[in-house]
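Protein chains in written order, with our numbering: chain L, 1 to 127; chain X, 128 to 254; chain A, 255 to 381; chain H, 382 to 508; chain F, 509 to 635; chain G, 636 to 762; chain B, 763 to 889; chain S, 890 to 1016; chain D, 1017 to 1143; chain C, 1144 to 1270.
If you're looking for bench data, these hints aren't it; they were derived computationally from the structure. For clarity, every value in this text was computed on a predicted model and none was experimentally measured. There could be a bad hint or two in this list.
As the list claims (entries may be wrong) - Taking lysine-lysine and the DSS-like style, the derived pairs with C-alpha atoms no more than 25 Å apart in a straight line are:
1. 442(H) <-> 1204(C)
2. 1207(C) <-> 442(H)
3. 1077(D) <-> 61(L)
4. 814(B) <-> 188(X)
5. 823(B) <-> 188(X)
6. 315(A) <-> 560(F)
7. 569(F) <-> 315(A)
8. 64(L) <-> 1080(D)
9. 445(H) <-> 1204(C)
10. 1207(C) <-> 445(H)
11. 1077(D) <-> 64(L)
12. 1080(D) <-> 61(L)
13. 318(A) <-> 572(F)
14. 569(F) <-> 318(A)
15. 191(X) <-> 823(B)
16. 191(X) <-> 826(B)
Said to hold, decoys possible - To give an idea of the interface, some chain G residues facing chain F are shown, with a C-beta separation under 7 Å as derived from the structure:
17. 668
18. 714
19. 717
20. 742
21. 747
22. 749
Just so you know, even glycine gets a beta-carbon here, dropped at the ideal spot from N, CA and C.
Protein chains: 10
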Amino acid sequence: MPDVSLLETFPSPGDAPYVIEHVNEEFTSVCPMTGHPDFGEITLRYQPAPAKTGGTCVELKSLKLYAQSFRNEGIFYEAVTNQIRDDLVALMSPEWLQIVTNWRGRGGIRSVIRADFGDVPAHYRGR
Amino acid sequence: MPDVSLLETFPSPGDAPYVIEHVNEEFTSVCPMTGHPDFGEITLRYQPAPAKTGGTCVELKSLKLYAQSFRNEGIFYEAVTNQIRDDLVALMSPEWLQIVTNWRGRGGIRSVIRADFGDVPAHYRGR
Amino acid sequence: MPDVSLLETFPSPGDAPYVIEHVNEEFTSVCPMTGHPDFGEITLRYQPAPAKTGGTCVELKSLKLYAQSFRNEGIFYEAVTNQIRDDLVALMSPEWLQIVTNWRGRGGIRSVIRADFGDVPAHYRGR
Amino acid sequence: MPDVSLLETFPSPGDAPYVIEHVNEEFTSVCPMTGHPDFGEITLRYQPAPAKTGGTCVELKSLKLYAQSFRNEGIFYEAVTNQIRDDLVALMSPEWLQIVTNWRGRGGIRSVIRADFGDVPAHYRGR
Amino acid sequence: MPDVSLLETFPSPGDAPYVIEHVNEEFTSVCPMTGHPDFGEITLRYQPAPAKTGGTCVELKSLKLYAQSFRNEGIFYEAVTNQIRDDLVALMSPEWLQIVTNWRGRGGIRSVIRADFGDVPAHYRGR
Amino acid sequence: MPDVSLLETFPSPGDAPYVIEHVNEEFTSVCPMTGHPDFGEITLRYQPAPAKTGGTCVELKSLKLYAQSFRNEGIFYEAVTNQIRDDLVALMSPEWLQIVTNWRGRGGIRSVIRADFGDVPAHYRGR
Amino acid sequence: MPDVSLLETFPSPGDAPYVIEHVNEEFTSVCPMTGHPDFGEITLRYQPAPAKTGGTCVELKSLKLYAQSFRNEGIFYEAVTNQIRDDLVALMSPEWLQIVTNWRGRGGIRSVIRADFGDVPAHYRGR
Amino acid sequence: MPDVSLLETFPSPGDAPYVIEHVNEEFTSVCPMTGHPDFGEITLRYQPAPAKTGGTCVELKSLKLYAQSFRNEGIFYEAVTNQIRDDLVALMSPEWLQIVTNWRGRGGIRSVIRADFGDVPAHYRGR
Amino acid sequence: MPDVSLLETFPSPGDAPYVIEHVNEEFTSVCPMTGHPDFGEITLRYQPAPAKTGGTCVELKSLKLYAQSFRNEGIFYEAVTNQIRDDLVALMSPEWLQIVTNWRGRGGIRSVIRADFGDVPAHYRGR
Amino acid sequence: MPDVSLLETFPSPGDAPYVIEHVNEEFTSVCPMTGHPDFGEITLRYQPAPAKTGGTCVELKSLKLYAQSFRNEGIFYEAVTNQIRDDLVALMSPEWLQIVTNWRGRGGIRSVIRADFGDVPAHYRGR
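Please work from the sequences and hints to get the whole structure.
Here is the structure:
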């Protein structure tokens, strides 16, 4: 089941602003209604807090293991998206953060969920 | 015939704003003039009301069954679009909601209908 | 010859604003100078007046028959575009309406004519 | 290991503003967590300071050798991006500078890091 | 339900060999296991028998109505494909005939079924 | 109505074999069942007989006028294809000749008809 | 774990030869060396035995459930491919059968495995 | 008018077989029926005779000037193609030679003419 | 330096023939002339010997580590290609095996080297 | 001027047949008629003689320098192609060798020259 304790951080390497984008193309969880697997792509974008205020970055391998912990979890698309946003905001207290989940079709319907934290720059909205 | 009672909701998983997009690529209804089938793609975009004010999301399988209930209904493109918007707004009272129906050609004419509720963000208009 | 009496309407299904787009990919008329056929694509976009003020929509099959009535008419591109706009505005009194005619090449020249009525939203202009 | 002393400059040839973009498609370093190699593409964009104020440009072969000095370094994506930005800003004191690192997928996750210095023009942001 | 009596023919207009291809992009039937609708594209290719031996062609509008008669039928992909091939062979006794049905994804699986009658020319196989 | 007397020829300019291909992208006729217009693309390929045996080529403007003479004719796709093949074979007695008609969708069905005369080279079949 | 008892068949609907192709775009299993998930696409092509000799087809939903039973199995690509081929051959005794598994990159390496049974037609090899 | 005296040759630089391809994208002549300009692309492919037998190549600038000499000539597509083939064969006596002329649409019809001399290798036919 | 002892095998899971393809998109070695890094893509295709004769497959992670052992080796493209072919043939004694190395440009020149062992099927040659 | 003495070889690393392809995208020489620069792409493909018979490969940097020696040479396309083929055949005595030169347009004409030595495999011809 989703295990936030798998997430690890390392100190952000500087104070100047920069933006990190990780795209996980191999996400899978389980539909809580039907028990069938869901497949999707999870995009994370964020600007870490400055190093001088204790800003951190999520470590990539730990992010992969955290994502894998959803593998057998029955959970709605909307809840996946909100939980990942909330877990990562709690972990890192970033300047801003954005989660976009893009799900393969099921029953002829494909879905995209977008959740923001803080002031996401205009050129990242709706991407 | 279109059956709004098929629609089900679940509580939105959070208070922070986020946007949900479902694209149904397998919609079909019947032309009320000719009796021939129409085929189209229905895009739904909305921002649910916050959880703390009772915000809800439409459940995906129920949305599919609701869409399938139009299968043998004689109905104009314009009425399909308005009815789906109105049914979903009544169901969820979202912050805003957008329906775009994109119809395959008939008699050499292809059609797109766009209907909004509330303040749809600028970067979603006309998409 | 162009026959506006072929056009039929039905009451718009609601008061909330929405936008209708019909693209006729099989339009043909005749060049009044040379007698040779012209081939083009006609895009119609409009927002109907609200139902409560008597707003109407053009019925799709009647729109096709109306377009077919130009088949053997000798008429300039510019006149086709203006006449269709004017006939449809007279028919429906929409909030706004836009006609774009896109003509295949003739003598190495291809042409696009755009004609508006009322306040066409910015994101539809020049499309 | 990364060796900033490899970088060389030459005087910018003029005072009028202009923008330089170098894309290194053959960057490789080593993951500090797993010891496995990372592969990426590094884009550098900057506007040199005016010649009359001592503005300089980075010499291209020295830039290649500097990038190659990361080959066997164990270093995070975020640190690579910040270090290259900081080294080049220190070297040239440009008007503005942007580093975008685009990393091939690892464990199903591909990443992009964007770091800016100064007032990067709007049309380069998010590219 | 599938109604072969909807099919009509007209005499083939000549004795010399020629090949007819009709692609129906708007086919829908119902899954006999789940009751959910299936959506597919049906391609028919055939060479009619010569006019002098009573060769016939299937009339296009009747072919459309016949295809529409599957709309609410619960039937497997394989049976749709075999039935259409057999019905059209019985109707026209063509020189050769080929049916290819191409189905949209369901449960993450998309399918293609190919059924031939007679000696289909090599350059049409596997298309 | 189709008027073969519009077709004109000129003597083929030589004895050595060569191949002529004309693609008419602006063909229209009328469906004999529904009275609605059909739109298609007609491809003609042929090798003229040698000049020394009286070989001729169809003149391009006359070919256009001949094609335009189908404009208001109610005629099946299959008959259009066979008639054009037969008219052109009678006109020119070419070494070989091929007609491919490619029709825009009607009622969700699009069609291609291919008719040959003589020994069409293998690399032109099925194109 | 992989469960062949999930597979169900139904009688093939005819004796004439035809070819079935199912592409499962949502396959996942687990690497037996690292414990990390693998993601791939599985293509199945086969010609069923004739109905009169007891020929059967695999039912699509059962095929999906069978594929899902690999979800938490630690198994090599090569073994997945061979096992699916062998299980389906044992289930149906088809005329011929082909399995192609196409795996997303892992550690910078992406893989394709192709396994045949019987006489696969030339135009399906290496696709 | 077409002026074959503009063509110049130089000795082929060797005896071993090789193939030369020149594509002239800027050819224009005049329609002898309407007086309107035609625009096309002329492809020349040939294998020169061996140097030891006096084999020659057409010089590129002279080929351009020769092509330009058609600019104000009223001439059919077929005659252009045959004349260029015949002029170049007479000039060089190559092992084989191929001319392909590809004409922009006129009156909705676009055309391609292909003329060969000698034994054109199979992989160049129909290109 | 290249270390063949890193390679591991596991028994091939069956006797029936099948084909394995691994594409390593992240290969790097060093030019023995200039000391600059080379970057390439290595494709391995092979058919393992049957299980009953002791046939084996190369394990994927060991293949990655073996490829990484070339990272700081000064070696020509041709030698890389031959050595990988020879090492893998010695390791597995496959039915046949093919190595294709595709190198990014250096000094404006990009290169591909193809080396086969045994009887590579025709549809894999030159891919 | 072209300087064959710049070419260097190294012993081919093995006896088994393999194929080498180098594509030089940055070739330039001078037109002997106009004095204007020509720009082209030179593709070299060959199979070296076996190592045991003294087979050699051309070294890549020397190949680049040799290609650069044509920079200020006035020379026809045909002569460039033949000379490079002949120089490389004399240098290496390969099993077979192929040169394809692809020239950017000049005066509206673009050109390709293909020259072979020995028995070039069919799947490389005309590429």
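Okay, the hints, checked on the actual structure:
Among the hinted pairs, residue 442(H) with residue 1204(C) is consistent with the structure: their alpha-carbon atoms are about 17 Å apart, no more than 25 Å. About 18 Å separates the Cα atoms of residue 1207(C) and residue 442(H), which keeps this hinted pair within 25 Å; it holds. Distance restraint check for residue 1077(D) and residue 61(L): the Cα-Cα separation of roughly 17 Å lies within the 25 Å cut-off, and the hinted pair is therefore satisfied. Our distance criterion of 25 Å between C-alpha atoms is broken by residue 814(B) and residue 188(X), whose separation comes to about 40 Å.
Using a Cα cut-off of 25 Å, the hinted pair residue 823(B) and residue 188(X) holds, with the two alpha carbons roughly 17 Å apart. Distance restraint check for residue 315(A) and residue 560(F): the Cα-Cα separation of roughly 40 Å exceeds the 25 Å cut-off, and the hinted pair is therefore not satisfied. For a cut-off of 25 Å, the pair hint linking residue 569(F) to residue 315(A) stands: about 17 Å separates their Cα positions. The suggested pairing of residue 64(L) with residue 1080(D) holds, with an alpha-carbon distance near 20 Å, which does not exceed 25 Å.
In summary, the hint linking residue 445(H) to residue 1204(C) is supported, as the alpha carbons are separated by about 18 Å, within the 25 Å threshold. A distance of roughly 20 Å separates the Cα atoms of residue 1207(C) and residue 445(H); the hinted pair therefore holds under the 25 Å criterion. Of the supplied pair hints, the one linking residue 1077(D) and residue 64(L) holds, its CA atoms being roughly 18 Å apart against a limit of 25 Å. For the given pair, residue 1080(D) sits about 18 Å from residue 61(L) by alpha-carbon distance, which is consistent with the 25 Å threshold.
Taking the CA atoms of residue 318(A) and residue 572(F), the gap is about 20 Å. The hint holds against a cut of 25 Å. For the proposed pair residue 569(F) and residue 318(A), the alpha carbon gap of about 18 Å is at most 25 Å, so the pair holds. A distance of roughly 18 Å separates the Cα atoms of residue 191(X) and residue 823(B); the hinted pair therefore holds under the 25 Å criterion. Distance hint between residue 191(X) and residue 826(B) is fulfilled; the C-alpha atoms sit about 20 Å from each other, no more than 25 Å.
Because the closest C-beta pair between residue 668(G) and chain F is about 5 Å apart, less than 7 Å, the hint holds. For residue 714(G), the suggested interface contact is upheld, since its CB lies about 4 Å from the closest CB of chain F, less than 7 Å. Taking 7 Å as the C-beta cut-off, the interface hint given for residue 717(G) holds, the closest approach to chain F being about 4 Å. Checking residue 742(G) against chain F by beta carbon gives a least distance of about 4 Å; that is within 7 Å, so the hint holds.
Below 7 Å, beta-carbon pairs count as interface contacts, and residue 747(G) has one with chain F at about 4 Å; its hint therefore holds. Contact between residue 749(G) and chain F, as hinted, is supported at the beta carbon level, the nearest pair being about 5 Å apart and thus within 7 Å.
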